[in-house]
Structure formats: structure tokens, C-alpha cells
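Chain by chain, the residues run as shown.
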Amino acid sequence: MTQTPAPTRRAKSGPPLRDEKLKQRRAEARTGYAFLLPWLLGFILLTAGPMISSLYLSFTNYNLFEAPKWIGFENYTKLFQDDRFIQSVKVTLTYVVFGTPAKLIAALAIAMLLNSKRRGRGFYRSAFYVPSLIGASVSVAIVWKAMFGDAGPVDQILSFFGIGIGGWVGNPSMTMPMMILLTVWQFGAPMIIFLAGLKQVPAEMYEAAEMDGAGSVRKFLSITLPLLSPVIFFNLLMETIHAFQIFASAFIISNGSGGPAGSTMFYTLYLYLRGFGDFRMGYASAMAWLLLIVIGIITLIFFKTSNNWVHYSGDEK
Amino acid sequence: MTSTALKTPPAAGTAPAEPAARDPKSRTILGKSLKTLLFHGVTLALIAVVMYPAVWMVSSSFKPSSEIVGNAAIWSENFSFDNFVKAMDGIGGVSTLQFFGNSLILAVGSVIGVVLSSTVTAYAFTRINFPGRKLFFTLMIVTLLLPFHVVIIPQYIIFQQLGLVDTFIPLLLGKFLGAEAFFVFLMVQFMRNLPRELDEAARIDGAGHVRIFRSIMLPLMKPSIITASIFAFIWSWNDFLGPLLYLNSPDKYPLPLALRLFVDQTQSSDYGAMIAMSVLALLPVLLFFLIFQRHIVEGVSTQGLKG
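Sequence lines, in order, name chains P and G. Residues 1 to 317, numbered by full-length UniProt numbering, are exactly what the first sequence covers, in order. Residues 1 to 307, numbered by full-length UniProt numbering, are exactly what the second sequence covers, in order.
No lab work stands behind these hints: they were computed from the structure. We put the beta carbon where it would ideally sit given N, CA and C, even for glycine. Do not rely on the hints blindly, as some may be mistaken.
To be verified - Partial list, computed: chain P residues near chain G (C-beta under 8 Å):
(1) Lys-78
(2) Ile-157
(3) Leu-195
(4) Ala-208
(5) Met-211
(6) Gly-213
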């Protein structure tokens, strides 16, 4: 992909000044490529190249030890007859569809609570951010498993209120709420981005609205939400993409099995089990490409529909 | 990006509207302090809920195993350091100190790699003119949205064929080659806001790009370098999938993998040591947070890091 700076039409024999300029520009381009070289190498060797080869592998049978065998669309058609794959899609979509909005609502609510001139704001927002920093770690997954285990602390607390569940980790219908709680718990990162967005809302707008007799619901719907829509858009996109890729916590909580009863068989966990457990690299590559396509489509839909609900104040930058 | 942003209060968005016109002054003040009290009460209660898992974790690490399971209480009569002593013994014949050392090598290596590659790349994108710059920049942005899983299988195959599996190289090489587009993007955003007059003046004085980059840009980029370093460190420290794929021998394991091994082998029999080790594994992250809190929170609000 490295285009060497091509000699342009004007390279002929122009006036010496022009030659000088051209030389300079070429030197500039050479320096540019020299500075870009590490990234360019990384891009070709670790991103673009692997992408192309994983696309190729997705049409093959490959177990890492024998040469890949071309099988056309077989991996893709097989996927849709694979119950565990279907299960992983269901699990992941449930998680994305319920977890992401819940997390963003929590983030926005707390951001609005903290968006006032009050003492301790810095401390509060830092405290709420801590789970985002540690939430995806193995440590927290272990603790989560212990907390939500049979007769664990969470159950104890719930029993106190008369709603004991009797263990979440081993109960296939309760593992999803548990995983969603884990992602909602990490609302701190989008919250801080919301706070930065709320800072930009001019106070005069609220004052003017109050003069017109707007209540707090009205102010929220007509001022806060529209002015915050670019930030909501950003958070929604990022958190959705992020949610599709959940791995470590699902792996630890289910001991890498996706259980009980496939209830934590997240997409990436199944991809991992297929690729690095059974060495079915072609099959796993097909899964990876499907994920890429789905994320691509979702991103596209977000951007296409954003015109309808994302309002940019025209004078930004 | 000014470092004072955290201290300066923002424009009061939802500041409580004081119906000052109707109420006598004294009642307004009373109402105000009541509202403040309510605010702090509600916020602290929420923080208690959010912090409960972390606090329970730390307190459990000091409790005997028998008191951990099924115990929601934070307080115990039998606090001791036994769990930590056991956790430090390690697992599979490898001491926990070694796991710490491995994590540290990976994290420090990541920081060095990320800082070197992302500053150099950002400089190329923002300050040097070359054909194809726009195209490459667009490609870089696109990789921001790319799920990592699309590249792991071929990457694994490449490293396997080079005989580099079970070394740290696959986990570090990408950092030195700017493969984590997020950091490049962060640097580009920051560098764009640095005044161009500075390097233009230096150019007139005859300084080349290398010199401008080293003596003018790098010092000015300190705030963003600090932010990138913190996140590179923490992300590497918490990373699980990468080491899970590439490392096989326990003496090379970083903490997250060691933890998993620990869980596999002890199962629920020794909750105390398991949780103590989890606490140990998180310690550096929490320390980083305490020290660099301001940079972390600002990094998130200006660049949208996910954390």
C-alpha cells in the first residue's frame, strides 16, 4: 500500500524555484512515510492482512495443522443449523438489547444528579467511575460469581426483603440478569461523558424555559435530551459495540463453559471455544466475519438514522 | 483538556430553581440546605450500593473462608491476613510475585509501545504533508470500530508459525506498531489543538521534523501522554483474552490468567485465598486510580475512553 510519492507533471524542467519546491515536497512526503511506518506496518500486518485472511479462512476448513480446505459457504450455512451458535446469538442480543439501554439510562440519571454546583462533585464522579475501571477484570468476575452464588450475599440481602432467589449463578434464568447487572454497574464511563455533555448546555436555556413556565419533565424533554443527543449517540454506539464483545466475565463466571444450560454462551465465548478449543479456525473465522458484518450494519443504521434524532448545534468548532 | 476542569464547577444545568420571589429569604436558605442535604444523602446512598461489591470483596479477603460464602456483612470478628499469605504462595509452583512481575513487564512494555507509536503516528497525521494521508487516517478511524475478534485467528496463526506463541511478543508487538487505534486517535485529537505557529517558527529556523517532534511536540503532549500511559497500563493489566490465547506456561502468566488457574484448581474450597488474590490483582489499578484520578476522569470525558 505504500505509494512512493509519484513524480508529478510539473516535474519537467520548470524554473529552478519550482524544482526546489518539488524537492522539498518529496522530502516532506518521505519524512511523512518514515513517521507513519510503524503504524503502517502494524496496519498491514496486524489488521488489514489478518482481516483478509480471516475472510478467506471463513470459506475453508482449517484446523491449524493441515492446509486450509476450500468449502465455499458451508461454514456460514452450518452456523445457522448449529444450536449452540443460535443460542449464542440469542444470549448476546438479549444482553445488548437490555444491558446497553439500562446502563445508559443509569449513566444519564446519575450524570444529571451530579450536574450541579455542589461540593464533593469531583469525589462523587470518581467514586461512580471506579467500577468501569475494574468491571471487565477477572477479579471482579470472581467476586461477582461469589456474590451471586448459592446463598451468596446478594441472595441474603434479597431474602431480607422476602425475594430470595436461591442462587443466580447456577440458575439458567437468572444468569442473564446477573450479567446485565454487571454491565449496568459499569455506568461510570458513559456517565462522565454525559457530564461533559451536560456542561455544554447553556444555563440561560433553562432559565428561559422556566420563564415560559416549563416544568422539569418538559425541560428535560425539550432542552436536555436534544442538546445531549450527540453525546447519547456516541455513548450508544460505543457501548453497543462494546457489549457485543463481552468475554472475560462470561468466561470466568461459567468456567469457560457458557453454562448453565448455555445461558452465558456469549458470542465471543463460543467463537473462542470453536477456534481455540476445537481448532475449527474456519468456522470461528466465519463467526468473526458475521460479527463484523452485524456491527457494521448496526453502525450504519445508527449513522443513517442519526439525522432524525441527533441535533448538532451548527456553530460547533 | 485543562487540568483545572475538574475543580471548576460546570455551568449549572439542573441547578435547583429557587422560587426566591415567593418565599421569604430565611425559608429559601432553609430550603436550599435541605435540598443540599437530600442531594448528598441520595448520592451517598447510591455510592454505597455501587461500592458494595468492591467493599465486600476487600473485607472478604480478610475473613476466613467459612465466613465468606453466604455472608453479606462487611464486618467480621476474625479479620486476619491469612488469605493474603496463602495467596502470595501462588499456584502451580509459581509464586504470585512472579505473576506480578509478568503483569508488570507486559504493562510497562505496553505503555512504552503505545506512547512511542501513537505519538509518532499522530505527528505524521497532523503535521506532515504526504499523499495518502487522508486515506490512511480514515482507515485508522475505521479500525476504531473493528471488533478484535476479526483479526485474532489469523494473528494467532502468524505468531504460531513464527514460533512466538508462549512469548510476550504477540502481546506487545501491536502496541509498538500502533495497532490500538484508540491511542493514535487520542493523540491526534490532542495534537490538533497545539498551535501550529510553534512548529512553523521552528521550521523557519531550520529545524527538521525529527527535531520539532522531539523538542517541541513531545514536551507539549505531556498531558495526553500521561492519559494514554495510564489507560495502556490498566488495560494491559486487566487484559484476559490476549494472554489466554498466547501464553501456555504458568511461569509466564500475568495475574488474570493466574487467577483463572487458581479458580480452576481451588474451586470453591478456598474462597478466602481466591478473593485475596483478586484484591491483590486489582491493587495496582486502584492505586493508579487514586494517584491519577484527575487524568483518568478527564481522559474519559474528553476522549470517550471506555475504561
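Tested hints:
For Lys-78 of chain P, the interface hint is violated, the least distance from its beta-carbon to any beta-carbon of chain G being 17 Å, above 8 Å. The interface hint given for Ile-157 of chain P is met, as the beta carbon of that residue sits about 5 Å from the closest beta carbon of chain G, less than 8 Å. For the restraint placing Leu-195 of chain P at the interface with chain G, the shortest Cβ-Cβ distance is roughly 6 Å, inside the 8 Å limit, so the hint holds. Contact between Ala-208 of chain P and chain G, as hinted, is not supported at the beta carbon level, the nearest pair being about 12 Å apart and thus beyond 8 Å.
Taking 8 Å as the C-beta cut-off, the interface hint given for Met-211 of chain P is violated, the closest approach to chain G being about 11 Å. Against a cut-off of 8 Å between C-beta atoms, the interface hint on Gly-213 of chain P is violated, since the closest Cβ of chain G lies about 12 Å away.
Of the numbered hints stated above, those contradicted by the structure are hints 1, 4, 5, 6, listed in ascending order.
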